[in-house]
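On the provided structure of chain A, position chain B as indicated by the hints.
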Amino acid sequence: MKIMNMVGAINDALDIKLNEDKNVVVFGEDVGVEGGVFRVTENLQKKYGADRVFDSPLAESGIVGTAIGMSIAGLRPVVEMQFCGFIYPAMNQIISHASRMRNRSRGKLETPMVIRMPYGGGINALEHHSESMEALFGHIPGLKVIAPSTPHDAKGMLISAIESNDTILYMEPKRIYRAIKQEVQEGKFTIELGKANVLTQGKDVTIVSFGAMIREVQKAMVMAKEQGISVELIDLRSIYPIDRETIRNSVKKTGRLITVTEGPQSFGLGAEISQIAIEEAFLHLEAPPARVSGYDVIVPLPKGEHHYMQDAYKILYEIEKIVKY
Amino acid sequence: MFKEYNPINKLMFQVIDNQGKVIDNKLMPKITDERVLKAYKDMLFARTADLQIVSYQRQGRIYTYPPNYGQEAISGATAVIIEEKDWLVPAFREMGAMLAKGVTLKELFLLFMGYEDGNEYKNANKVLPISVPIASQMLHATGIGYEIKYNKKKELVYAFVGDGGTSEGDFHEAVNFAGVWKVPVVFIIQNNQYGISTPTRMQTASESLAIKSIAYGVKGIQVDGNDFFAMLRALEEAKKVCENGEGPVLIEAVTYRKGAHTTSDDPTKYRTKEEEEEWDKKDPLKRLKQYIINKKLWSEEEEEKIIEDFKKEVDRQFIEAENYPEYKAEDIFKYMYSEMPQELKDQEHRLKEFYRWKEERVSQTIKK
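Sequences listed follow chains A and B, in order. Heads up, the first sequence is in this note's numbering, so the first residue is 6 and it goes up one at a time. Heads up, the second sequence is in this note's numbering, so the first residue is 1218 and it goes up one at a time.
If we strip away everything but chain A, and leave its shape as in the complex, we get:
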């Protein structure tokens, strides 16, 4: 075991896979010499050379598009989008090709690649640096979308993602890149993709969340506990595919569901999870599923961001309401 933050854990996962599989290549804007603007790829170029870890020209469509070609030809590229707000030039390549190549070629061609991307707010950033658009990506058939909430998960999930034969969007909650440290198993281990994790068992309310929001839910749970409310917390880990079974079992037990996500409300992940609860546990529901999410607005600049962001109090507000329903 080794104490790591999330940046260190992701770096470790890349290191392990670069070392183990010569088909793994890592590239993107500033990932080589500089080691990434968040230092996630630090020292990897020194260790593995500029053929395997390198800086690309500044072009997101170029990065994803060439990675598709590399992966079809047999490499396993792990590419970085510098910020969530800069991925949009690559959307054409993601939607039109990465997510379709297997189906289009009837399984003959595969695009085993990972697109890493820091996402989410709460870091006092400039415009385009704070979005959480998981629903946009979850809506693309053929793409897998995952997001860890701890260093341990970050490492195991990334190793699994690199080994997967699908294209995976790996969303990194940059707000907690360095905020959480924990003991992480050394060496290689994997975490099965598509499986949610029940972080806390509870009996009154199920809360489903992911990424940086988990920490906010945990703060709210402390306040809820003072009032004797017991919350079961599910860390989704995988946005697509979504773990129906874990959601179903929990909602059947508690009868109440709250989703906590960062993205805008409408057509968001909260709606999807609520629908699962309705389909799978309708007769067990004791209150309408509630969602704590962003509003249907552009993420405000730092001075207004607190109005937008979900925090412990916004979550507690919904917990109290749903329990009293």
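Treat the hints with care, since some could be wrong.
[What the hints assert, rightly or not] Below, in silico cross-link-like pairs of lysine-lysine (PhoX-like), each with a Cα-Cα straight-line distance of 20 Å or less: (1) Lys-329(A) - Lys-1575(B); (2) Lys-7(A) - Lys-193(A); (3) Lys-1486(B) - Lys-51(A); (4) Lys-1486(B) - Lys-52(A); (5) Lys-230(A) - Lys-1575(B); (6) Lys-224(A) - Lys-1575(B); (7) Lys-1366(B) - Lys-1503(B); (8) Lys-1343(B) - Lys-1323(B); (9) Lys-1247(B) - Lys-1258(B); (10) Lys-208(A) - Lys-329(A); (11) Lys-1503(B) - Lys-1490(B); (12) Lys-326(A) - Lys-1575(B); (13) Lys-1371(B) - Lys-1258(B); (14) Lys-193(A) - Lys-52(A); (15) Lys-1220(B) - Lys-1456(B); (16) Lys-308(A) - Lys-1545(B); (17) Lys-329(A) - Lys-257(A); (18) Lys-1551(B) - Lys-308(A); (19) Lys-308(A) - Lys-1323(B); (20) Lys-1503(B) - Lys-1545(B); (21) Lys-258(A) - Lys-308(A); (22) Lys-208(A) - Lys-230(A); (23) Lys-1220(B) - Lys-1399(B); (24) Lys-1569(B) - Lys-1255(B); (25) Lys-1503(B) - Lys-1522(B); (26) Lys-1343(B) - Lys-1302(B); (27) Lys-1498(B) - Lys-1302(B); (28) Lys-1238(B) - Lys-1456(B); (29) Lys-1371(B) - Lys-308(A); (30) Lys-1569(B) - Lys-326(A); (31) Lys-258(A) - Lys-329(A); (32) Lys-7(A) - Lys-27(A); (33) Lys-1456(B) - Lys-1369(B).
[Unchecked claim] Derived DEER-like restraints, expressed as beta-carbon distance ranges: (34) Leu-114(A) - Thr-1582(B): 40 to 46 Å; (35) Lys-1584(B) - Ile-283(A): 37 to 43 Å; (36) Glu-1251(B) - Lys-52(A): 55 to 61 Å; (37) Ile-283(A) - Lys-1545(B): 32 to 38 Å.
[Stated by the list, open to error] Calculated Cβ distances over 10 Å to all of chain B for the following chain A residues: (38) Gly-40; (39) Asn-129; (40) Glu-188.
These aren't lab readings, by the way, just hints derived from the structure by calculation. The C-beta atom is built at its ideal place from N, Cα and C for all residues, glycine as well.
For chain B alone, kept in the frame of chain A given last:
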């Protein structure tokens, strides 16, 4: 000039040398001594502000900021040529040009303090807000150029992008469209040698960035971007080309980002002190200052005094920005649509109900 300096000839257009001496008088732009002096002061003001912002950032009084340090002559020359009727389409390192259009320093402060209100530009028209997604603004410039041509107006567009931006698809599409449509747009690439940590040679295998103009069938030129007179003369010529309906023009302004990419960046990771020192000799303000001192238009004493005045002015506007009213909850909703949909009204209502609940809740907790 575009013939002689066709990028295929691999010539960089220069008017003054590193000591501020005019290389060839024929190359000088049309400008009075008085206007040169004003331009110098404006550039010095921009630099003073820029350096001060970086120190405010270190004090935690402002968030991430992308410095202009070392690139002031490009905006400085644009400031001289751009008129009220013209459009400015900035990337995010064009402070001098923005101030010339009437944007206030206070507004720039507000933006980097985290208020969208800083993008309102109350006293400036025909300036687009800074554009963070690299090169995306280039297409907007082409579109504005189309409107100008369509309505037979006598306006120009000055559009900016960095060296890194030339790798984006939007750069290609913007210049290509502009070439096909023959619109009056002057595209200015601020080649400051780095896209964050990535040097220009890793952005392109082209001889230069200016040479890309040839493939698009538009006039192009590589200019010493640290040479105020060269920039101004190139802009004058580009303006003529556009006014004759032969635009667009692509200018590569060769410069150096003396500061960091943003205040979050550490350039020691990717460049050497020797390189920085080499470029320091070509500093745009030093060169222009030598020129005006040689011409007895300026002195070190005047410079020292004016910097003190500038610092006070920068501070004054900064403090005004710091005292800006609190960001209200309704402000995140009200500009989303021309008329607010019921859905958003409901969401705003919900947020305000939450705040009422929270206030009560927190005061109860305090009483306990």
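Against the structure, the hints:
For the hint pairing Lys-329(A) with Lys-1575(B), the CA-to-CA distance comes to about 17 Å; that is within 20 Å, so the pair holds. Under the criterion of a C-alpha separation no larger than 20 Å, the hint pairing Lys-7(A) with Lys-193(A) is consistent with the structure, at around 13 Å. Distance hint between Lys-1486(B) and Lys-51(A) is fulfilled; the C-alpha atoms sit about 13 Å from each other, no more than 20 Å. Proximity of Lys-1486(B) to Lys-52(A) is assessed by CA-CA distance (about 16 Å); at most 20 Å being required, the pair is judged to hold.
Of the supplied pair hints, the one linking Lys-230(A) and Lys-1575(B) holds, its CA atoms being roughly 18 Å apart against a limit of 20 Å. Taking the CA atoms of Lys-224(A) and Lys-1575(B), the gap is near 15 Å; set against the 20 Å cutoff, the hint holds. For the hint linking Lys-1366(B) to Lys-1503(B), the alpha-carbon distance of about 39 Å lies beyond 20 Å, and the restraint is violated. Restraint check: the Cα-Cα separation between Lys-1343(B) and Lys-1323(B) comes to about 18 Å, which is no more than 20 Å; the hinted pair holds.
Between Lys-1247(B) and Lys-1258(B) the alpha-carbon distance is near 18 Å, which keeps this suggested pair within the 20 Å criterion. A hinted pair counts as satisfied when its Cα atoms are at most 20 Å apart, and Lys-208(A) with Lys-329(A) qualifies at roughly 15 Å. Between Lys-1503(B) and Lys-1490(B) the alpha-carbon distance is near 19 Å, which keeps this suggested pair within the 20 Å criterion. At roughly 13 Å between alpha-carbon atoms, Lys-326(A) and Lys-1575(B) fall within 20 Å of each other, so this suggested pair holds.
Note on Lys-1371(B) and Lys-1258(B): the hinted pairing is violated, with a Cα-Cα distance of about 29 Å set against a maximum of 20 Å. As the CA atoms of Lys-193(A) and Lys-52(A) are separated by approximately 18 Å, the hinted pair is consistent with the 20 Å bound. At roughly 16 Å between alpha-carbon atoms, Lys-1220(B) and Lys-1456(B) fall within 20 Å of each other, so this suggested pair holds. Distance restraint check for Lys-308(A) and Lys-1545(B): the Cα-Cα separation of roughly 9 Å lies within the 20 Å cut-off, and the hinted pair is therefore satisfied.
For the hint pairing Lys-329(A) with Lys-257(A), the CA-to-CA distance comes to about 18 Å; that is within 20 Å, so the pair holds. Of the supplied pair hints, the one linking Lys-1551(B) and Lys-308(A) holds, its CA atoms being roughly 16 Å apart against a limit of 20 Å. For the hint pairing Lys-308(A) with Lys-1323(B), the CA-to-CA distance comes to about 15 Å; that is within 20 Å, so the pair holds. Only pairs whose Cα atoms come within 20 Å are accepted, and Lys-1503(B) paired with Lys-1545(B) is rejected, the gap being roughly 45 Å.
At most 20 Å may separate the alpha-carbon atoms for a hinted pair to count; Lys-258(A) and Lys-308(A) exceed this at roughly 41 Å. Between the alpha carbons of Lys-208(A) and Lys-230(A) the distance comes to roughly 12 Å, so the proposed pair stays at or under 20 Å and holds. This hinted pair checks out: Lys-1220(B) and Lys-1399(B) have alpha carbons roughly 18 Å apart, not beyond 20 Å. Restraint check for Lys-1569(B) and Lys-1255(B): not satisfied, since their Cα atoms lie roughly 50 Å apart, outside the 20 Å limit.
Distance hint between Lys-1503(B) and Lys-1522(B) is fulfilled; the C-alpha atoms sit about 17 Å from each other, no more than 20 Å. In summary, the hint linking Lys-1343(B) to Lys-1302(B) is supported, as the alpha carbons are separated by about 8 Å, within the 20 Å threshold. Restraint check: the Cα-Cα separation between Lys-1498(B) and Lys-1302(B) comes to about 36 Å, which exceeds 20 Å; the hinted pair is violated. Using a Cα cut-off of 20 Å, the hinted pair Lys-1238(B) and Lys-1456(B) is violated, with the two alpha carbons roughly 26 Å apart.
This hinted pair does not check out: Lys-1371(B) and Lys-308(A) have alpha carbons roughly 40 Å apart, beyond 20 Å. The straight-line distance between the Cα atoms of Lys-1569(B) and Lys-326(A) is roughly 16 Å, inside the 20 Å bound, and the hint therefore holds. Among the hinted pairs, Lys-258(A) with Lys-329(A) is consistent with the structure: their alpha-carbon atoms are about 17 Å apart, no more than 20 Å. Proposed proximity of Lys-7(A) and Lys-27(A) is contradicted: the alpha carbons are some 26 Å apart, above 20 Å.
Using a Cα cut-off of 20 Å, the hinted pair Lys-1456(B) and Lys-1369(B) holds, with the two alpha carbons roughly 16 Å apart. A hinted range of 40 to 46 Å for the beta carbons of Leu-114(A) and Thr-1582(B) is inconsistent with their spacing of about 59 Å. Between Lys-1584(B) and Ile-283(A) the beta carbons are some 40 Å apart, a value that agrees with the proposed interval 37 to 43 Å. About 59 Å separates the C-beta atoms of Glu-1251(B) and Lys-52(A), a value consistent with the hinted range of 55 to 61 Å.
A C-beta distance of roughly 36 Å is found between Ile-283(A) and Lys-1545(B), which places it inside the suggested range of 32 to 38 Å. Some Cβ of chain B comes within 10 Å of the Cβ of Gly-40(A); the nearest lies about 8 Å off, and the non-interface call is violated. The beta carbon of Asn-129(A) sits about 5 Å from the closest Cβ of chain B, which is not more than 10 Å, so the claim that it is off the interface is violated. Every beta carbon of chain B lies more than 10 Å from that of Glu-188(A), the smallest distance being close to 29 Å; the non-interface claim holds.
The structure shown violates the earlier hints numbered 7, 13, 20, 21, 24, 27, 28, 29, 32, 34, 38, 39.
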